[in-house]
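> With chain A's structure known, arrange chain B on it following the hints.
Now for the letters of each chain:
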Amino acid sequence: MTTCEQIGEWLPWYVTGSIDFAVAERIAAHLRDCEACRSEFVEIAQLRHRFVVAVGEAAPPGTNAWDRLIDRLGPKETVRVDLGSFLVGLHVGIAAHDRRTPVRGDLRLCGRSVRIIGKKKGA
Amino acid sequence: MRSDAQLLIRIADGDRGAFRLLFERHSDRIYRFALSLTRSPHLAEEVLQETMMAVWKGANRFKGRSKVTTWLLGIAKNQAYNLLRKEERGKRLPEAINDIPDPSGEAQMSVQVERALGTLPEAQREVLHLVFYENLTVRETAQLLGVPEGTVKSRMHHARRNLAKELA
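Protein chains in written order, with the numbering used here: chain A, 1 to 123; chain B, 1 to 168.
Treat the hints as calculated values from the structure; they're not laboratory data.
Only a predicted model underlies this, so the values are computations on that prediction, with no experimental measurement involved.
One or more hints might be untrue.
Derived contacts from chain A toward chain B, CB cut-off under 10 angstroms, selection only [what the hints assert, rightly or not]:
no., residue
1, Arg48
2, Gly62
3, Leu73
Just so you know, even glycine gets a beta-carbon here, dropped at the ideal spot from N, CA and C.
Same shape as in the complex, but just chain A (with noise of 0.2 angstroms):
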């Protein structure tokens, strides 16, 4: 990797650190060395600078984002008895919500569970 045109197509990922070390040592050996791909990795290390910025100004997420996602998940159990272990086992959950009381069982097998009772997960 010695032609301006491969040290190039490192440099966005020389100027975030986000490289090997053995390919960042060998970019600045030819960065000492050439005008041209210094320049290069100024005006990148530039428009990164200006997309952080554009980027982080944005106002962030709604304060009811949480509030929403809460709400989609349904009730929450207010009893569980969990038999058996990580790779076999039986959960068994009860839910307390509007004067409802839902229940759901999943079956765990290798560490995946199986809906038995009740709605599908998160529906």
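Okay, now just chain B, sitting in the frame of chain A:
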């Protein structure tokens, strides 16, 4: 402090506390990535909701082959494109995020960047965000986008050239 991967194991078991922690850690980054892709605060909010619901329903699908952050951004990318396709079908144009009258100083700089980004294809905006803002490596970006590493480098090359040209 629990790692993100540990939180996902708890979430797969229905732990809402773990889900809240993961939300607090990553909602901002998911939202900003979605905003870069959709350029609409409304759609970005929806992407955040759908991404977190997908995590709640499918936390056990995380196999540890990538960082949790990369996995989450991958889900967000898919959700963003799903919503964008629906918007296109419904012919409802997203509201612009750069509709700020007579900006000045630093704010003007950001508006210029946002306007310039608006002229770029989605594939170039996403690679710019993942590399410049999320600091992902070539390999991580390729893994997330499901394309070869050479394609990532090529897209990044065109993306930064086009962005610089628009800003000139």
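> Hint by hint, note whether the structure agrees.
Hint by hint, here is what the structure shows:
About 5 angstroms separates the beta-carbon of Arg48(A) from the nearest beta-carbon of chain B, less than 10 angstroms, and the hint is met. The beta carbon of Gly62(A) is positioned within 10 angstroms of a beta carbon in chain B (closest approach about 6 angstroms), and the interface hint is therefore held. Evaluation of the Leu73(A) hint against chain B yields a held restraint, the C-beta minimum of about 7 angstroms falling below 10 angstroms.
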